[in-house]
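Asks: The lines below spell out each chain.
Protein chains: 2
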Amino acid sequence: MNISIVGTGNVGTGLAKVLSKTRHGVVMGARTEAKGRAAADAIVKEHGGNVRGSDVASAVRDADVVILAVPYAETADVIAIAGSLSGKIVIDATNPLTEDFSGLTLGFESSAAEEIQKRVAGAPVVKAFNTVFAQIYAEGPRFGERPVQVFYAGDDDAAKKAVSEIINAAGFDAVDAGPLKNARYLEPLAALNIQLGYSLGRGTQIAPAWIEREAA
Amino acid sequence: MNISIVGTGNVGTGLAKVLSKTRHGVVMGARTEAKGRAAADAIVKEHGGNVRGSDVASAVRDADVVILAVPYAETADVIAIAGSLSGKIVIDATNPLTEDFSGLTLGFESSAAEEIQKRVAGAPVVKAFNTVFAQIYAEGPRFGERPVQVFYAGDDDAAKKAVSEIINAAGFDAVDAGPLKNARYLEPLAALNIQLGYSLGRGTQIAPAWIEREAA
Numbered sequence: 288m289n290i291s292i293v294g295t296g297n298v299g300t301g302l303a304k305v306l307s308k309t310r311h312g313v314v315m316g317a318r319t320e321a322k323g324r325a326a327a328d329a330i331v332k333e334h335g336g337n338v339r340g341s342d343v344a345s346a347v348r349d350a351d352v353v354i355l356a357v358p359y360a361e362t363a364d365v366i367a368i369a370g371s372l373s374g375k376i377v378i379d380a381t382n383p384l385t386e387d388f389s390g391l392t393l394g395f396e397s398s399a400a401e402e403i404q405k406r407v408a409g410a411p412v413v414k415a416f417n418t419v420f421a422q423i424y425a426e427g428p429r430f431g432e433r434p435v436q437v438f439y440a441g442d443d444d445a446a447k448k449a450v451s452e453i454i455n456a457a458g459f460d461a462v463d464a465g466p467l468k469n470a471r472y473l474e475p476l477a478a479l480n481i482q483l484g485y486s487l488g489r490g491t492q493i494a495p496a497w498i499e500r501e502a503a
Numbered sequence: 288m289n290i291s292i293v294g295t296g297n298v299g300t301g302l303a304k305v306l307s308k309t310r311h312g313v314v315m316g317a318r319t320e321a322k323g324r325a326a327a328d329a330i331v332k333e334h335g336g337n338v339r340g341s342d343v344a345s346a347v348r349d350a351d352v353v354i355l356a357v358p359y360a361e362t363a364d365v366i367a368i369a370g371s372l373s374g375k376i377v378i379d380a381t382n383p384l385t386e387d388f389s390g391l392t393l394g395f396e397s398s399a400a401e402e403i404q405k406r407v408a409g410a411p412v413v414k415a416f417n418t419v420f421a422q423i424y425a426e427g428p429r430f431g432e433r434p435v436q437v438f439y440a441g442d443d444d445a446a447k448k449a450v451s452e453i454i455n456a457a458g459f460d461a462v463d464a465g466p467l468k469n470a471r472y473l474e475p476l477a478a479l480n481i482q483l484g485y486s487l488g489r490g491t492q493i494a495p496a497w498i499e500r501e502a503a
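Heads up: the sequence lines are chains X and G, in that order. Take the first sequence: its letters are residues 288 to 503, numbered as in our numbering. Take the second sequence: its letters are residues 288 to 503, numbered as in our numbering.
A couple of the hints might just be wrong.
To be verified - Listed below are the simulated DSS-like cross-link pairs for lysine-lysine, each with C-alpha atoms no more than 30 Å apart in a straight line:
(1) 322/G <-> 308/X
(2) 322/G <-> 405/X
(3) 405/X <-> 448/X
(4) 468/X <-> 468/G
Unchecked claim - Pulled a few chain G residues facing chain X out of the computed Cβ check, cut under 8 Å:
(5) 373
(6) 399
(7) 487
Rather than coming from a laboratory, the hints here were simulated on the basis of the structure. Note that beta-carbon positions come from the ideal geometry of N, C-alpha and C, so glycine has one too.
Hey, can you work out the whole structure from these sequences and the hints?
Replies: Encoded structure:
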């Protein structure tokens with residue numbers, strides 16, 4: 288297939304590098320043809336692979352798949368200059384982040400944890416255990432050798448420390464997820480876990496985790 | 288520490304089982320003392336460990352830590368009967384789920400992907416690649432032996448199949464995340480990834496993943 292990547296920033300360039308190693312044709316689309324070509328040439332020079340560059344409309348014209356790799360705020364503008372996308376597959380690789388990357392500009396209001404904190408003013412609330420299927424407790428806190436990660440978020444450091452010790456004492460791996468308002472992310476994390484486990488049939492012996500690249 | 292678990296359902300019972308194996312004292316709080324005792328006795332009988340049962344107010348009174356393990360909709364009610372929580376640590380293990388578990392009742396409006404789909408009516412939008420730090424493309428799609436998981440969500444099955452093949456061809460592990468509206472969960476997943484990588488100092492060679500218990 289012909290894949291058009293709209294955006295020549297870190298994400299667009301990174302995607303072009305990995306996709307250029309596949310059997311798919313990759314074209315990078317930029318505001319100007321010159322900018323698109325420069326981005327593609329830089330990748331080929333440094334990295335090899337098969338990447339061409341062009342302006343957005345030209346890059347999109349012959350594409351089967353169009354990857355939007357621009358800031359979300361620019362997507363409306365980019366779509367307007369892209370020409371017809373009818374019948375093409377559009378991959379949305381964007382995130383509706385605030386300018387300081389600290390939050391989302393869509394679907395971002397409150398959380399159960401924050402609502403609960405309003406009701407228990409004198410007590411520090413820590414979000415925790417909300418992404419662990421109850422069936423996991425029955426089978427034990429480890430998947431083979433690997434402890435299930437339990438995310439905790441709160442605004443009171445002493446309370447967070449105590450909770451992390453409880454999580455680890457129970458055999459889980461306590462993962463600091465930041466301030467209480469990050470419950471706005473931990474609750475959707477649980478919702479996605481439920482979607483995967485039930486709607487998508489993966490069952491309840493699954494859990495979200497953050498994995499890291501081992502040091503070389 | 289004394290830990291009070293409010294709620295005797297699957298989550299409360301599961302937490303009581305794992306916490307009863309720690310050095311912490313565990314008391315389960317239910318609507319009535321009889322119900323709390325029955326829940327605790329069942330755990331001790333089946334599972335051993337040190338768990339007591341009582342009514343909510345009594346269970347909370349001497350607790351250092353109170354775990355809310357009831358449906359979110361019941362939390363206001365439970366807090367009202369719990370008595371003073373001042374100075375105690377409250378662990379919120381709830382999720383503000385809709386009755387059919389299909390979504391969230393807080394912080395749940397729209398997503399970049401859905402807004403983009405409105406703008407490109409003729410083209411199926413697939414959410415993908417939004418949880419991969421650009422720096423991961425530079426280092427390669429695998430962490431050691433393990434391919435980084437790339438989540439994709441959309442409403443057009445053919446488009447999703449094509450995108451999953453592209454993801455796998457690039458060396459990642461394509462994970463079906465369901466319909467396009469699940470971008471409402473994938474975008475917060477990216478926001479949490481950014482919080483962990485930047486605000487919490489874990490760096491950019493990290494990625495969210497779903498892990499599974501190996502079959503025994």
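Asks: Next, verify each hint and record whether it holds.
Replies: Here is how each hint holds up against the structure:
Distance check on the hinted pair: residue 322/G and residue 308/X sit about 62 Å apart at the alpha-carbon level, beyond 30 Å; violated. A threshold of 30 Å between alpha carbons decides the hint, and for residue 322/G with residue 405/X the separation of about 29 Å falls inside it, so the pair holds. Restraint check: the Cα-Cα separation between residue 405/X and residue 448/X comes to about 21 Å, which is no more than 30 Å; the hinted pair holds. With a C-alpha separation of about 22 Å, the suggested pairing of residue 468/X with residue 468/G holds against the 30 Å cut-off.
Interface hint at residue 373/G: satisfied, since its Cβ lies 3 Å from the closest Cβ of chain X, which is below the 8 Å cut-off. Among the interface hints, the one on residue 399/G holds; its C-beta lies about 4 Å from the nearest C-beta in chain X, closer than the 8 Å criterion. For the restraint placing residue 487/G at the interface with chain X, the shortest Cβ-Cβ distance is roughly 6 Å, inside the 8 Å limit, so the hint holds.
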